[in-house]
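*Asks:* One-letter residues, chain by chain:
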Amino acid sequence: MGVMLSVKNLDVYYGSIHAIKNISFEVQEGEIVTLIGANGAGKTTTLHSISGLVKPKSGEITFCGSNLMAIEPHKIIRLGLAQVPEGRRIFAKMTVQENLEMGAYIRNDGGTIEKDYERIFERLPRLKERRRQIAGTLSGGEQQMLAIGRALMCNPKMLLLDEPSMGLSPLLVGEIFEIIQDVNKTGMTVLLVEQNAKKALEIANHAYVLETGSIAMEGEADELANNEKVRKAYLGG
Amino acid sequence: MEFLSQVINGLGIGSIYALVALGYSMVYGIVQLINFAHGDIIMVGAYAVFVILVMMNLPLWLAVLGSILFCGIAGVVIERVAYHRLLVHDAPRISLLITAIGVSIFLQNLYQLLFGSDPKSMPKMFTFAPLQLGGIQLTSSTIINISVSVVMMAGLQLLVSKMKIGKAMRATSEDAGAAKLMGINTNTTIAFTFGIGSALAAVGAVLYCNTYPQIKPVMGGLLGLKAFVAAVLGGIGSIPGAMLGGYLLGVAESMTNAYISSNLTDAVVFGILIIVLLVKPTGLLGKNTREKV
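Just so you know, the protein sequences line up as chains A and B, in that order. Under UniProt numbering, the letters of the first sequence match residues 1 to 237, in that order. Under UniProt numbering, the letters of the second sequence match residues 1 to 293, in that order.
Think of the hints as simulated: they come from the structure by calculation, not from any bench. Be careful, since some hints might not be right.
Said to hold, decoys possible - Derived pair list, reagent style DSS-like, types lysine-lysine, alpha-carbon separation capped at 27 angstroms:
#1 B:Lys124 x A:Lys75
#2 B:Lys162 x A:Lys93
#3 A:Lys157 x A:Lys198
#4 A:Lys55 x A:Lys93
#5 B:Lys162 x B:Lys287
#6 B:Lys216 x A:Lys93
#7 A:Lys93 x A:Lys57
#8 B:Lys162 x A:Lys128
#9 B:Lys280 x A:Lys75
#10 A:Lys115 x B:Lys162
#11 A:Lys157 x A:Lys8
#12 A:Lys128 x B:Lys164
#13 B:Lys280 x A:Lys93
#14 B:Lys164 x B:Lys287
#15 B:Lys287 x A:Lys115
#16 A:Lys21 x A:Lys57
#17 A:Lys232 x A:Lys198
#18 A:Lys93 x B:Lys120
Unchecked claim - Taking beta-carbon pairs under 7 angstroms as the criterion, some of the chain B residues facing chain A (in silico):
#19 Lys180
#20 Ile184
#21 Ala267
Every residue gets a Cβ at the ideal spot worked out from N, C-alpha and C, and that includes glycine.
Given these sequences and hints, build the entire structure.
*Replies:* Have a look at this one:
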């Protein structure tokens, strides 16, 4: 057990707007860590800094000993960091199967990939039935499952999820979070960025609360869930 | 009979438009750029055939292969030199369009400088006796054009639907950001698309030289525009659409030549463009896909 992902003194600007103000956090191997906060708090900006889509002004981002800020975005997945982006961003005109193939794009081990499809389909049986279907015709929940399945296809060490509950019914949110918990139980480290603080705190080990670009609070997830301030601001009293 | 042979003639010419339209469509699909220099790639390909076959007096197969290879590389180089920085910095589409027109003017003038502006004659390349099919005469160039274009489209369809690089092209054209997250090097994929599109234009150039025995530095202008109309007619971004558009345009041209007046051919072609844009701007096979939220 050790620190898998570490973000230190991160500062991000959009023009003159100081979007992320000197934030630091860590994700320990095997844990689910969640970053919660309201709309516009800087959650997605933080994630985009990790994935290299946004260039931070200063700070350090290290994943398994590699400096992520010095790596091109398309190479980050090769280090074992897979992402489920905000809004799912599946390839809507491609089939479910092809989406999963794109998830395995960096792999060259044909035979084992076949087994991994089966593994994914076992975990997400609804995708199996729709294997040949065009992904854009899936329901929102199924698309989110596909986005998670796609990310898992590269056999990552860590999964980054950006608002997986967005736009889903409470029932489906429950289902998606169960999947995340299941995946974590197999040893996958997870960084979960969520607006749905209640759900996120339920499954996470550790949590950080982001407010207008700064980390306002941090702690064990169950402690934060019982914290007066967090309850008032994020859990509806 | 007369009517049918006009249709087949049209398909022969349309095959060239179709091959060039494929390049427009593929490049548009991946970077949303109408690459107005694409027509001039046909000219580049035709001169490559001329240089290898006539000036260097080398065998025909070498001329064909050399032209395809040269255009493929030229396509990649043009992308790197002219468009790459604009794409990386997410420049407005209009800047890309203006750059494309600039590349077109540059190529035309470069070739005038290199080869002079007078037309060059091409020798007959692939010929055999015309076939008689139930009273219809099929010339060798018509047969070659149609069969080559069909094979090329099938090959391209296979590349895009079955091969890893083809799937990466589709993923990049749909969502370049998400493609990057999958580990796809989108820059390489875009360059590859320009290369394939330009290589197809070279095939079109070979067919063109085999059909019309004369080439000149400005030949790509009108030809490119017509292929662009074909791509829009079929639905830009769609591979079968580009082919369908090319064939239909060829047939429309040959009908106009035969039954109306050869002076009106170009008017009919651009009339079709206007009608398509008014009635079905997405083209015959183009889809207006809406994202699910």
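*Asks:* Each hint should be assessed against the structure and marked as holding or not.
*Replies:* Each hint, compared with the structure:
1. Using a Cα cut-off of 27 angstroms, the hinted pair lysine 124 of chain B and lysine 75 of chain A is violated, with the two alpha carbons roughly 50 angstroms apart.
2. Annotation: proposed proximity of lysine 162 of chain B to lysine 93 of chain A holds, straight-line Cα distance about 15 angstroms (limit 27 angstroms).
3. Between lysine 157 of chain A and lysine 198 of chain A the CA atoms are separated by roughly 26 angstroms; this keeps the pair inside 27 angstroms, and the hint holds.
4. Proposed proximity of lysine 55 of chain A and lysine 93 of chain A is contradicted: the alpha carbons are some 30 angstroms apart, above 27 angstroms.
5. The hinted pair formed by lysine 162 of chain B and lysine 287 of chain B meets the criterion: a straight-line CA distance of about 21 angstroms does not exceed 27 angstroms.
6. About 41 angstroms separates the Cα atoms of lysine 216 of chain B and lysine 93 of chain A, which puts this hinted pair outside 27 angstroms; it is violated.
7. With a C-alpha separation of about 36 angstroms, the suggested pair lysine 93 of chain A and lysine 57 of chain A falls outside the 27 angstroms cut-off, and the hint is violated.
8. The suggested pairing of lysine 162 of chain B with lysine 128 of chain A holds, with an alpha-carbon distance near 20 angstroms, which does not exceed 27 angstroms.
9. A C-alpha spacing of about 41 angstroms is found between lysine 280 of chain B and lysine 75 of chain A, which places the hinted pair above 27 angstroms, so the restraint is violated.
10. A hinted pair counts as satisfied when its Cα atoms are at most 27 angstroms apart, and lysine 115 of chain A with lysine 162 of chain B qualifies at roughly 20 angstroms.
11. Of the supplied pair hints, the one linking lysine 157 of chain A and lysine 8 of chain A holds, its CA atoms being roughly 20 angstroms apart against a limit of 27 angstroms.
12. Between lysine 128 of chain A and lysine 164 of chain B the alpha-carbon distance is near 22 angstroms, which keeps this suggested pair within the 27 angstroms criterion.
13. For the hint linking lysine 280 of chain B to lysine 93 of chain A, the alpha-carbon distance of about 21 angstroms falls within 27 angstroms, and the restraint holds.
14. Among the hinted pairs, lysine 164 of chain B with lysine 287 of chain B is consistent with the structure: their alpha-carbon atoms are about 24 angstroms apart, no more than 27 angstroms.
15. Distance check on the hinted pair: lysine 287 of chain B and lysine 115 of chain A sit about 35 angstroms apart at the alpha-carbon level, beyond 27 angstroms; violated.
16. Taken as a hint, the lysine 21 of chain A and lysine 57 of chain A pair is honoured in the structure, with Cα atoms around 10 angstroms apart against an allowance of 27 angstroms.
17. At most 27 angstroms may separate the alpha-carbon atoms for a hinted pair to count; lysine 232 of chain A and lysine 198 of chain A meet this at roughly 12 angstroms.
18. Restraint check for lysine 93 of chain A and lysine 120 of chain B: not satisfied, since their Cα atoms lie roughly 46 angstroms apart, outside the 27 angstroms limit.
19. The restraint placing lysine 180 of chain B at the interface with chain A holds, with a minimum CB-CB distance near 4 angstroms, inside the 7 angstroms limit.
20. Satisfaction of the interface hint for isoleucine 184 of chain B is found here, the shortest Cβ-Cβ separation to chain A being roughly 6 angstroms, below the 7 angstroms cut-off.
21. Hint status for alanine 267 of chain B: violated, given a least beta-carbon distance of 36 angstroms to chain A, over 7 angstroms.
Figure legend: structure checked against the earlier numbered hints; hints not met, in rising order: 1, 4, 6, 7, 9, 15, 18 and 21.
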